[in-house]
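Enquirer: Here are the chains, one letter per residue:
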Amino acid sequence: MVSIVNRIIKQIFHDKRSLALILVVPLLLLTLMYLLLGKSSYITTVAVYDISPQIKEALCEQEIVKVIEKDSTNSDQDYIKNGDADAVIYFASDGIHITMLEMDNVKMSAVTNAVKDAISSINPAGKLNISFVYGTSNGTTFDLLGYLLLSILSFFMIFIISGISFVRERTSDTLERLMRTPVKTISIVCGYICGFGFFAVIQSTLMILFSKFVLKMQFVGQWWIATVIMLLIAIIAVMLGILISVLSKSEFQVVQFIPIIIVPQIFFSGLIPVDTLPYHLSYLSHIMPLYYGCMGLKGVLIKGSNFIEIFPYIFALIIFIVILFISNLLAVRKYRTI
Amino acid sequence: MINTVEIKVNNVSKSFNKKAVVSDISLTIRGGEIVCLLGPSGAGKTTLIRLIIGALKADSGEIIFNDMKIPNTKLMSELGYMPQNDALYNDLTAVENLAFFGRLYGIKSEILKGRIDDVLKIMNLSEDKNKLVLNFSGGMKKRLSLAIALLHNPKVLLLDEPTVGIDPILRQTIWEQFHSLRDNGTSIIVTTHVMDEAIKCDRTALIYEGRLIFDDKTEKLIARTPGGNIEELFFMAKERQYNG
Chain L
1 MVSIVNRIIK QIFHDKRSLA LILVVPLLLL TLMYLLLGKS SYITTVAVYD ISPQIKEALC
61 EQEIVKVIEK DSTNSDQDYI KNGDADAVIY FASDGIHITM LEMDNVKMSA VTNAVKDAIS
121 SINPAGKLNI SFVYGTSNGT TFDLLGYLLL SILSFFMIFI ISGISFVRER TSDTLERLMR
181 TPVKTISIVC GYICGFGFFA VIQSTLMILF SKFVLKMQFV GQWWIATVIM LLIAIIAVML
241 GILISVLSKS EFQVVQFIPI IIVPQIFFSG LIPVDTLPYH LSYLSHIMPL YYGCMGLKGV
301 LIKGSNFIEI FPYIFALIIF IVILFISNLL AVRKYRTI
Chain F
339 MINTVEIKVN NVSKSFNKKA VVSDISLTIR GGEIVCLLGP SGAGKTTLIR LIIGALKADS
399 GEIIFNDMKI PNTKLMSELG YMPQNDALYN DLTAVENLAF FGRLYGIKSE ILKGRIDDVL
459 KIMNLSEDKN KLVLNFSGGM KKRLSLAIAL LHNPKVLLLD EPTVGIDPIL RQTIWEQFHS
519 LRDNGTSIIV TTHVMDEAIK CDRTALIYEG RLIFDDKTEK LIARTPGGNI EELFFMAKER
579 QYNG
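Listed in order, the protein sequences are those of chains L and F. Using this note's numbering, you'd call the opening residue of the first sequence number 1 and step up by one each time. Using this note's numbering, you'd call the opening residue of the second sequence number 339 and step up by one each time.
Because the hints were derived from the structure by calculation, they are not lab data. Remember, predicted model here, so these are calculated numbers, not experimental data. Worth double-checking, as some hints may not be accurate.
Only pairs whose alpha carbons sit at most 25 Å apart, straight line, appear in this in silico SDA-like list of lysine to any residue [to be verified]: (1) F/LYS356 - F/PHE572; (2) F/LYS395 - L/VAL133; (3) F/LYS395 - L/ARG333.
Put together the whole structure using the sequences plus the hints.
Expert: The following block contains the structure:
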């Protein structure tokens, strides 16, 4: 087993691209998502008309919007299409009318928050006071979804590299040669898990430390529990990679499995809140290891759960590991007549 | 400790998708003998080799090493196998490839280094030993693949087209090496589709469309082909098939 672990580590170190894919690319993608989903300095422009001076003044005090007077005779739609403003607001007897170009979460929440706050500053009793059990209302989308990114990235990278590496072992006939040596099937599977596990440990630790100290992601719980969960996710990714490559004849066929194996898991990872899904589709999440991984990570990073509270998720991941381990043994044994 | 290994192939057949690839072949390879499996591409040579090493299970018949029936885990460390593809890790160096397989065969680390140097020297790869296989030429890969098969001093060597793409001078030294291994009691099975290789073997088994059509000393085979052209034999076999 040690020689297989040794070999995998050497192979990855010789292949600088794979090494970068495991260690550098996740950090780059995290940074990119941080920049995309983090705090936006964009000031939304709001054009107003038919508005009481008192409300207009209150609106002007809101820092997230820039208020201008709509001074053209164009319709509201054309005015926005021209790019003169992001939103047009007017007050009528049947309420406040807001016209915007399209459903844009960032601009929409800026406008509605500004209007809401402006009105409540005039009439404090109408103020909405929203608080959350976990997290704060001023957290960014990145704070909210960062944990998903950690597990999805780690799962995806390790799956690709281990799957391709094992399918290569088959297409290049090295597996046949390996099977002619006295090495045990279980050592091959364990060797693969430990070899890629080695990189998974480095990767998860790097990603966690990077998001905590560089990107300052909201981090309520203990980072080592998060690392353990990410490691379990990576082990599942290695074994899923081996299983898929047994069913594939070429590297391309491994890639063909991504839309079937990886993409649905991302959908069910918590990106869309699972408990609001229609048609009892939420049951599907129970067969997806990434769901448990993401829920566990959410528990640690956002809810600050301790190890005991997270244990059910860890236990579920371990069950997946056991099932995959047995199927891997059976799959690899297929290449041996003994 | 096994000194020499005699391999008996008894009435072995194997088909893929109902197409017979090896039909009822019986063959004995005595200890310390080089036997050549000669036949055109697609004749079933590789399948026969894979049956002998136990990579495939025969549909019927049996293969016996001395008195042990294969597949058998104990025999694995006595077998040296070189597949037709190079079966190398491209992202490792030559030494790392050798060290990896050496350890899997359980060669002790104090001996391993010396053995690696030996086989590299035989294959004339000593200068390139720390290069990644990725940068090797086709012939160099073939030599490294052969070096791996020799590494653990196996008593039986099964080599699938071992000298294709190797230059004539080096091919000469490799064959000298095979002969000296044979003289030390190693049984060697080599597949080829060219006569030049066959004449260096003690015995030739001619395989055509999955059947064994000739199995005797190589000199006798040469005597039967007046033109020295192996293709004549295949034509003769084909004619015999049509006539009866």
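Enquirer: It remains to establish, for every hint, whether it holds in the given structure.
Expert: Results of checking the hints against the structure:
no. : hint                : in the structure
1   : F/LYS356 - F/PHE572 : holds (24 Å)
2   : F/LYS395 - L/VAL133 : violated (63 Å)
3   : F/LYS395 - L/ARG333 : holds (13 Å)
Hint check: a violation occurs at hint 2 only; the rest are consistent with the structure.
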